[in-house]
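Chemist: The primary structure of each chain is shown beneath.
Number of protein chains: 4
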Amino acid sequence: MSKPVRICMAGAGRVGKNHSNALVRHVPGAKVVALVDPAAEVRSATAAQFGIEAGFDSLEEAIDRVEFDALIITTPTFTHKALALQAAAHGKHIFLEKPMALNLSECDEIIAATRQAGVHLQLGFMRRFDPEFSAAAQRIEAGEIGRPMMIKSLTHGPGLPPPWARDISVSNGMLAEVNSHDWDSTRWLMGSNYERVYTEVANFKGPANNVDTPNFYDNVMVNLRFESGGLGMISGICPCGYGYDARVEIYGEKGVMFIGSLQGQHILSATNRDTGILQPVTRTWPERFAWAYIYEMEHFVDCIKKDRQPRVAGEDGRWAVAGVLAGTRSFLEERPVYLKEILESVEPVSWQNTAQ
Amino acid sequence: MSKPVRICMAGAGRVGKNHSNALVRHVPGAKVVALVDPAAEVRSATAAQFGIEAGFDSLEEAIDRVEFDALIITTPTFTHKALALQAAAHGKHIFLEKPMALNLSECDEIIAATRQAGVHLQLGFMRRFDPEFSAAAQRIEAGEIGRPMMIKSLTHGPGLPPPWARDISVSNGMLAEVNSHDWDSTRWLMGSNYERVYTEVANFKGPANNVDTPNFYDNVMVNLRFESGGLGMISGICPCGYGYDARVEIYGEKGVMFIGSLQGQHILSATNRDTGILQPVTRTWPERFAWAYIYEMEHFVDCIKKDRQPRVAGEDGRWAVAGVLAGTRSFLEERPVYLKEILESVEPVSWQNTAQ
Amino acid sequence: MSKPVRICMAGAGRVGKNHSNALVRHVPGAKVVALVDPAAEVRSATAAQFGIEAGFDSLEEAIDRVEFDALIITTPTFTHKALALQAAAHGKHIFLEKPMALNLSECDEIIAATRQAGVHLQLGFMRRFDPEFSAAAQRIEAGEIGRPMMIKSLTHGPGLPPPWARDISVSNGMLAEVNSHDWDSTRWLMGSNYERVYTEVANFKGPANNVDTPNFYDNVMVNLRFESGGLGMISGICPCGYGYDARVEIYGEKGVMFIGSLQGQHILSATNRDTGILQPVTRTWPERFAWAYIYEMEHFVDCIKKDRQPRVAGEDGRWAVAGVLAGTRSFLEERPVYLKEILESVEPVSWQNTAQ
Amino acid sequence: MSKPVRICMAGAGRVGKNHSNALVRHVPGAKVVALVDPAAEVRSATAAQFGIEAGFDSLEEAIDRVEFDALIITTPTFTHKALALQAAAHGKHIFLEKPMALNLSECDEIIAATRQAGVHLQLGFMRRFDPEFSAAAQRIEAGEIGRPMMIKSLTHGPGLPPPWARDISVSNGMLAEVNSHDWDSTRWLMGSNYERVYTEVANFKGPANNVDTPNFYDNVMVNLRFESGGLGMISGICPCGYGYDARVEIYGEKGVMFIGSLQGQHILSATNRDTGILQPVTRTWPERFAWAYIYEMEHFVDCIKKDRQPRVAGEDGRWAVAGVLAGTRSFLEERPVYLKEILESVEPVSWQNTAQ
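Protein chains in written order, with my numbering: chain A, 1 to 356; chain B, 1 to 356; chain C, 1 to 356; chain D, 1 to 356.
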């Protein structure tokens with residue numbers, strides 16, 4: 001076999017672990033050679049778990065001290081631009097977790113830098129690599145349900161996001177941190193860009209969770225109109241408590257297709273007529289998308305080896321960010337927002353504090 | 001057994017037949033004594049099918065010539081007010097199909113007339129009597145999923161509605177004729193009234209079906225905010241082609257509940273690895289809600305016999321009409337509409353031609 | 001409508017109530033005019049519940065005092081022959097619950113008596129009228145899964161049968177009292193008679209339930225070979241505790257068909273990641289086969305009105321009894337038993353005490 | 001990481017490819033260093049697909065020319081004993097595909113040889129490593145459904161086995177080649193050995209497939225009694241055409257548990273009311289048991305590294321062979337066969353031609 005692609009991980013947290021696991025155990029063509037995270041304790045634990053030999057506080061150090069081909073960025077969103085620009089400047093290929101960045105100008109800088117450096121950029125929309133999502137996408141594109149008319153996509157997660165991820169002044173909140181996948185999937189599966197967005201939000205569990213962040217919400221419902229004339233809905237709930245829930249319903253002129261299920265393992269049990277039938281729920285995103293995470297890493301490694309363009313790249317990340325911005329502005333201003341309002345004025349976003 | 005409740009049917013079409021079937025075959029406490037429909041041929045066929053002895057062109061004739069206790073109104077919406085007022089004036093109890101009427105002033109007239117006459121008024125929201133919907137409602141009310149945060153309700157029907165039912169100038173269109181059930185169910189299951197509504201519509205199949213009615217739409221997606229702070233979504237597709245689809249997902253602080261299924265009979269088959277597993281779909285509303293139609297008729301007959309107030313009455317019908325008006329105004333004016341805008345000005349609706 | 005068919009019920013217990021309910025509430029062409037049961041208290045309660053005016057200790061009295069057209073027999077199996085013969089002698093049509101009788105000579109006497117009297121005889125195999133079983137049967141007969149190769153049929157019931165029904169010296173035990181439906185369904189759906197039978201039994205819960213009846217079993221597994229060369233399996237568990245379970249899997253040369261489900265109402269809920277997803281179970285046979293019980297009664301009444309032969313009659317009942325006898329002999333003698341052994345010698349059954 | 005375990009594959013066919021895929025792509029602790037198969041063309045193709053550098057006609061050559069730690073045997077059953085003995089003699093750990101061998105004396109020789117050589121022996125019962133089967137087993141052992149009373153296990157495969165695998169004179173036929181997994185799973189999940197076995201077989205598709213092998217069957221139904229008093233059923237159909245079907249139902253004193261499903265991907269579609277709802281079927285065993293194959297290889301490699309006894313070993317393989325022999329004798333002699341008959345006389349099997 002050819003020489004393995006050498007990878008540096010930026011971020012030793014949950015997503016960093018998840019991708020390290022996929023790479024180390026299931027992608028023989030890759031070798032994780034370094035791990036960057038300023039939190040030394042977490043870094044050491046992750047490095048030990050996956051046998052990563054070199055650990056650093058900063059990407060700069062890693063670049064100086066270790067040879068590698070690609071950087072996988074799983075750090076908080078507000079760090080994405082700086083890390084991506086630095087990596088591109090040193091000719092490293094980049095796998096960038098969603099959401100791509102905080103606003104469109106950051107997205108544009110990242111895209112420009114990777115183009116200029118001639119490196120590949122893949123976005124972390126792993127649903128595109130999920131066997132169910134991708135089979136469904138192919139069947140839809142082949143016309144099985146006719147021209148798509150309406151889509152409903154949801155991501156409901158069991159736990160409360162970290163403080164920065166629920167504060168729209170530093171992160172764009174749940175619409176970005178949880179529902180980025182829905183923004184990408186609806187656009188992908190409908191085969192059309194969103195044109196107009198209307199959003200309602202609610203805060204049900206904030207008080208009980210001692211969250212007093214301004215504009216915090218834990219429930220969101222977005223109404224979409226696509227350029228094709230199609231309609232859509234995205235919902236987010238976090239924390240939802242009952243499991244990890246990621247499903248799509250898409251309605252075409254000829255029929256409907258349902259993708260995904262709340263059902264976990266195929267084990268049904270019944271021991272009591274009053275309780276009824278029990279079945280395990282899908283508990284977590286690593287469980288739900290285990291193969292998707294392997295396949296997206298295989299794809300990234302393969303694109304580097306064969307010098308091919310990743311299937312899901314900067315433009316896709318930028319569109320998802322645009323949707324997030326339109327959706328957020330909608331609930332703040334209590335009105336439908338056109339994507340063209342967002343796309344035509346790439347100035348800093350009013351509700352963000354992007355001084356950092 | 002006590003003397004049967006004598007019933008006159010107004011309307012010999014699909015819904016009239018459906019209710020006649022429930023009454024004649026499954027509600028021994030009732031007797032259908034008359035059928036009113038100006039379309040003589042349809043009337044004769046329905047009368048023959050269900051052994052109804054007396055048939056008339058108008059309600060007036062029926063009142064003059066036959067003794068009966070209650071009127072079941074299944075005629076087009078624009079006829080509801082006149083028939084209900086006439087029935088009330090003669091002391092007849094009324095079962096009124098959804099949507100209750102074209103606007104709030106009509107609703108108010110009907111409510112006032114029945115109160116004044118001291119007759120019972122039941123609205124045709126049969127989902128309240130469906131074993132699954134009603135069991136779910138009880139479990140939600142008992143706190144099983146905690147305080148409701150979000151609801152999604154859909155009604156997608158297989159066929160194209162009749163011309164009057166898709167023309168908002170005479171009917172309020174699909175939001176009223178198809179989605180009235182969703183307006184009622186979401187308010188019922190959330191235990192809260194809607195506060196604000198935003199609607200997107202699309203017209204995908206109109207051209208192929210030679211529909212050139214202004215403002216016609218065959219896809220609708222409504223975003224709801226409830227007084228409780230909860231969020232909601234209603235979708236409608238007609239014709240959807242693939243079956244009759246009526247499902248609810250409701251998310252509370254403690255968990256989720258799904259009501260209904262697209263699955264019809266429990267017969268799975270597999271004869272080909274490429275085709276996969278097949279299961280019958282729910283084809284029609286009489287099939288999906290067979291027991292609900294029987295139970296709502298039993299309830300109506302029982303309320304008359306025992307002089308009790310029906311569980312679903314004029315106020316419920318009026319709220320559904322208010323939602324429909326807010327939803328329709330929203331897509332016409334491309335903005336979120338508050339229910340208070342609708343409730344505070346009970347003037348004729350701008351897009352309706354209510355000269356008839 | 002024509003004059004209702006007048007019916008006398010023999011048996012006021014659970015099955016008698018179930019059929020009275022179907023007739024009184026859902027079969028307008030019938031009128032239940034009398035109820036026979038020597039247990040006066042049960043009889044009065046059932047009569048009151050369904051508005052049956054005349055109650056008697058014995059069929060003789062009923063025949064003397066009330067005019068009726070048909071008798072529905074739901075009493076214990078060991079009483080079937082005497083009641084059926086008496087009814088036939090007085091020209092009454094007969095609906096006879098399963099199992100038909102204790103042995104083949106009793107079956108033969110019943111068949112002969114009804115033929116001689118020219119009355120109709122319908123057996124209580126309601127699965128033949130279940131919408132799912134009957135649709136599946138039609139599809140199988142139309143060739144959808146090809147020539148049937150193998151069938152698996154089960155009936156597991158939640159509760160412990162009454163003492164007489166678990167004592168093979170007076171009833172043929174669970175194979176007869178619970179699994180009669182499986183004997184009929186497998187033969188019907190395979191389109192072939194059984195040729196050879198092998199049975200294993202187990203007694204797991206008897207001791208805890210203080211059952212010390214000789215040869216008592218609460219688990220049974222039957223291996224079948226059909227005349228067609230096809231194979232089959234019948235299983236019975238009673239009490240199974242977890243619900244009422246009646247399902248069939250049938251495998252043909254072209255594919256498989258599954259009939260029925262343990263799932264009750266289409267209400268899924270999830271409130272806890274450890275518990276998972278919950279769905280109501282099918283709890284009881286009246287719930288599972290509600291429509292089947294209505295349709296079998298409609299069919300019986302219709303056959304009387306139109307003087308037609310019932311779709312499921314004496315021969316079907318006799319075959320099920322033959323299967324039961326072969327299955328019972330098999331586990332007693334620990335060997336496969338050919339049906340011809342049973343069919344060729346219609347002498348009294350060795351393990352039965354038929355002195356009564 | 002520690003030095004990888006060096007593996008030689010014996011067999012380059014479907015199962016050999018499947019295990020090579022698991023090892024090469026998903027078990028970083030292993031390295032496949034050699035492939036043995038006398039069929040040079042197949043061997044080259046498999047070697048090329050998985051980057052295996054050394055290929056040989058015989059195990060002898062591989063042992064002479066390449067250093068390795070373990071042998072994975074996926075060749076036809078009649079070759080198992082010779083290969084295993086040869087490997088053990090050279091101190092190689094052994095992973096042996098099911099069925100273990102043709103008869104009990106072969107099993108005993110293999111067990112003795114591995115013990116004497118001090119090498120590990122793991123049997124290819126991958127269901128023990130399937131996330132669903134193993135979770136279910138743990139829950140059953142923890143008492144969730146109470147003491148097991150009855151089990152039903154099936155394996156139905158889409159295609160016709162190769163000629164040697166359907167000829168009981170050289171292979172023990174479908175009961176061994178397809179249903180070995182069921183023999184192992186039923187014993188494992190019931191927590192008890194089988195005591196008595198009765199089998200019926202049928203040949204439905206042989207003629208159309210030009211199979212004229214004596215005693216060929218393509219449908220089998222086994223009735224089991226366990227030492228615990230529990231009952232069981234195993235069914236096999238091959239070719240079944242409709243998919244790959246491997247499911248278990250197990251009934252305990254407290255309730256039931258269902259393991260597995262015929263359902264493949266969670267993609268439901270509906271485009272036609274007459275066709276109904278479609279869902280992909282599980283098509284193949286590599287698809288159904290993808291994770292099980294990875295985990296059983298991880299376990300084997302891990303046991304070698306840590307010098308631990310594999311969880312599923314020679315005794316388990318021997319018990320499955322004993323079941324197969326009892327089941328085969330049963331249908332040949334048309335009587336129930338006790339396991340003790342098989343276990344007490346370990347002479348050559350009457351229907352086998354073991355001259356090879």
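If you're looking for bench data, these hints aren't it; they were derived computationally from the structure. Among the clues, some could well be false.
Put simply, identical chains are the same to the list, so a pair is met inside one copy or across any two.
[Said to hold, decoys possible] List time: in silico EDC-like cross-link candidates among lysine to aspartate or glutamate, alpha-carbon distance up to 20 Å:
hint, residue 1, residue 2
1, Lys31, Asp108
2, Lys3, Asp307
3, Lys31, Glu344
4, Lys3, Asp302
5, Lys305, Glu253
6, Lys254, Asp274
7, Lys3, Glu53
8, Lys254, Glu298
9, Lys3, Glu67
No experiment lies behind these values; they were computed from the predicted model shown.
Chemist: Against this structure, judge whether each hint is valid.
Modeler: To see whether the hints hold, each was checked on the structure:
In the homo-oligomer, the alpha carbons of lysine 31 and aspartate 108 never lie at most 20 Å apart, since the shortest distance is 30 Å inside one protomer and 44 Å across protomers. For the homomeric pair lysine 3 and aspartate 307, the shortest alpha-carbon distance inside one copy (14 Å) is at most 20 Å, but the shortest distance between copies (32 Å) is not. Neither within a single protomer nor between protomers do lysine 31 and glutamate 344 lie at most 20 Å apart by alpha-carbon distance, with minima of 42 Å and 55 Å respectively. Taking the shortest alpha-carbon separations for lysine 3 and aspartate 302, only the intra-copy value of 12 Å comes in at or below 20 Å, while the best inter-copy value is 26 Å.
Neither within a single protomer nor between protomers do lysine 305 and glutamate 253 lie at most 20 Å apart by alpha-carbon distance, with minima of 41 Å and 48 Å respectively. Within a single copy, lysine 254 and aspartate 274 get their C-alpha atoms only as close as 40 Å, which misses the 20 Å cut-off; across copies the closest is 13 Å, which meets it. Within a single copy, lysine 3 and glutamate 53 get their C-alpha atoms as close as 18 Å, and across copies as close as 16 Å, so both meet the 20 Å cut-off. Neither within a single protomer nor between protomers do lysine 254 and glutamate 298 lie at most 20 Å apart by alpha-carbon distance, with minima of 35 Å and 38 Å respectively.
Proximity of lysine 3 to glutamate 67 under the C-alpha cut-off of 20 Å is restricted to the intra-copy arrangement: shortest distance 13 Å within a copy versus 23 Å between copies.
The structure shown violates the earlier hints numbered 1, 3, 5 and 8.
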